[in-house]
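Visitor: Here's the letter readout for the chains.
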Amino acid sequence: MRVTTLKAAILAAALSLGLASPAARAAESGAEIPNTKFSFDGPFGTFDRGELQRGFQVYKEVCAACHSMHLLSYRNLRDIGLSEAEVTAIAASYQIPDGPNDNGEMFERPGRPSDRFRRPFANDAAARAANNGALPPDLSVIVKARQGGADYIKALLTGYEDPPEGVTLMEGMYYNKYFAGHQIAMAPPLTGDGQVQWGDGTAATVDRMAHDLTAFLAWASEPESETRRAMGVRIILFLVVLGGLTYAVKRKIWARVHGDPIT
Amino acid sequence: MASGLHDSTIQNPVIRWIDQRLPVFTMMQKEYGSFPTPRNFNYLWNFGALALINLVIMIVTGIFLAMNYTAHTSMAFDSVERIMRDVNYGWLIRYVHMNGASMFFIVVMVHIWRNLYYGSYKAPRELLWIFGVVIFLLMMATAFMGYVLPWGQMSFWGATVITNLFSAIPLVGDSIVTLLWGGFSVDNPTLNRFFSLHYLLPFVIAGVVFLHVATLHITGSNNPLGIEPKGPQDTLPFHPYYTAKDSVGIIAYFIVFAVLVFFTPNYLGHTDNYIPANPLVTPAHIVPEWYFLPFYAILRAVPDKLGGVLLMFGAIAVLFVLPWLDRSPVRSMRFRPIAKWALMLWGINFFVLMWAGAMPAEGIYVTIARLSTAYYFAYFLVILPLLAKIERPLPLPESISHAVLRGGGRLHGAAATAKPMEKA
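The listed protein sequences correspond, in order, to chains A and B. Read in order, the letters of the first sequence are residues 1 to 263 in the UniProt record's numbering. Read in order, the letters of the second sequence are residues 1 to 424 in the UniProt record's numbering.
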């Protein structure tokens, strides 16, 4: 009985952790999201720098036409394995609005690594006007902001189909089996093999592009995740050793009072 | 010794000089050194110390977050992400704070459960218990306002739903809501005042914790047997015995905390809170943080808004009068054969409520929530008062040392031989 109360307490804590999730985990979309194997899955996963760089190129050449990533700066691209010179060149290829200058006028100048990713539209209204009334969401934290995370993003990118019989789509909408309600305003972004030309010679199949783009977006959402996990492993190992020592000390101290309370 | 000075027993001349004028060292020695503590605590008695540590962690991380956070609707979301990306170890500080809230509730809920199981709320510890319930209430208010600060979708809509509850109060309800909002909808003034209060309340909690601990040091701790220590053979000095035992619990707690922070930092959160707040788009399901789910289920179990609000607050209010509802003189459930199972069922029922709170308020879920709500209250209002009259408790041991020391008290054959070999 004494042991069971302690066990009950531990179980309670564990249950409360487990129970917290059904709300968060319940899939809202129709079709079940397939589980994709990513290099960053699991507690020890890491990002594949090749995937991230290829994924960035897909974002830059395809997604960036409509989707901003305004929480990222060009300097962050050093983390995906690009050199200082490459990052500077990428930043300089964009014209960034700045100002006002001494004459009180706004102007554009070549980007610097410290600049945030340039937004494709001046404001949300302009974005809607160019996209049939729909607002393309910012992609900076998209993997953290969707149930299913990276699996869902990958599934969505490749989930376009012809609508089933009897389903009529609204004007300018597309059918996607993984999107909640199935009608999505985004046109299929990855249209065919070879849509981008990767410098490393990887064949740009639709599936490969979707996979690498998802990896890039996952990194962008949680750029700290590799550092975080590595630190976590070290801290937990340290705590386990410290816990063992602490328990030994506790036993030694309690040995003095002949007989640990039977609790 | 000069007259008017405290009679200090401390040897070190500098510390002695201070202690004679401000006897904090004598006090610490009395309250945390030699403080007589029942010798039979189990590990559930770690959770008070854990809660105190958790409060300190929340305040320290919170202060550093506030240095980098911007309480404005147009900047709050981005400022939190900026902390995560550009502040040195900002992700660590933020994830510790965010998961620290969940850890705090886990720790405090176990702490409360221990009180319920071992009858710690009974005389003479009623006021100690009441301060504890006040802390729990303040924690809920603080956590709720903290969840609003990142200004994500759940922040905004959670704030809208919860503040709207106050509109159910007759006559003054709408005025109270306007006051909470600082306007006519959840907006920038709401965010600003919530930030201010979220910074204030933890220090209020610290104050009530002081009262909680001060009260504890008058009555002394309860223990798993629920009988008072009868003399020095029943107690041990707090240090080194319980400092050592608490240390073991603290490391275990840090390990659980570390797993959450480093490997599943967003597991207990809601993905929608990484979508910036948008007053024009309502999320499909507005779900509060997990620790509010049981109370959310009670709120939604009642078809009437005012009734639901009253019952939800009643779920906490009933705890205040618990010492007077449970009139059984026996504290520990170890000696209460029926009440023990009624309480175990109450514990399971609490998780059922938590689950029901996460489900949509429709169909079978409402029925389950209603039955669970009924049992939540019935335990306090019907079962405990009734059991005090009809239950036949098991015989209580003569003393703590008699019950817990193998070989103590009456000699059992085996126990007597085991005594010299005893290890902790």
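In short, the hints are calculated from the structure, not lab data. All values reported here derive from a predicted model rather than from experimental measurement. Be a bit skeptical, because a hint or two may be false.
As the list claims (entries may be wrong) - Partial pick of chain A residues on the chain B-facing surface, computed with a CB cut under 8 Å:
id, residue
1, Ser-140
2, Ile-235
3, Ile-236
Glycine included, each C-beta is placed from N, C-alpha and C at the ideal position.
Visitor: Hint by hint, note whether the structure agrees.
Guide: Results for each hint:
Checking Ser-140/A against chain B: minimum C-beta separation of about 7 Å stays under 8 Å; hint holds. Contact between Ile-235/A and chain B, as hinted, is supported at the beta carbon level, the nearest pair being about 5 Å apart and thus within 8 Å. This hint holds: Ile-236/A has a C-beta 5 Å from the nearest C-beta of chain B, less than the 8 Å allowed.
Every hint, counting from the list given before, is met by this structure.
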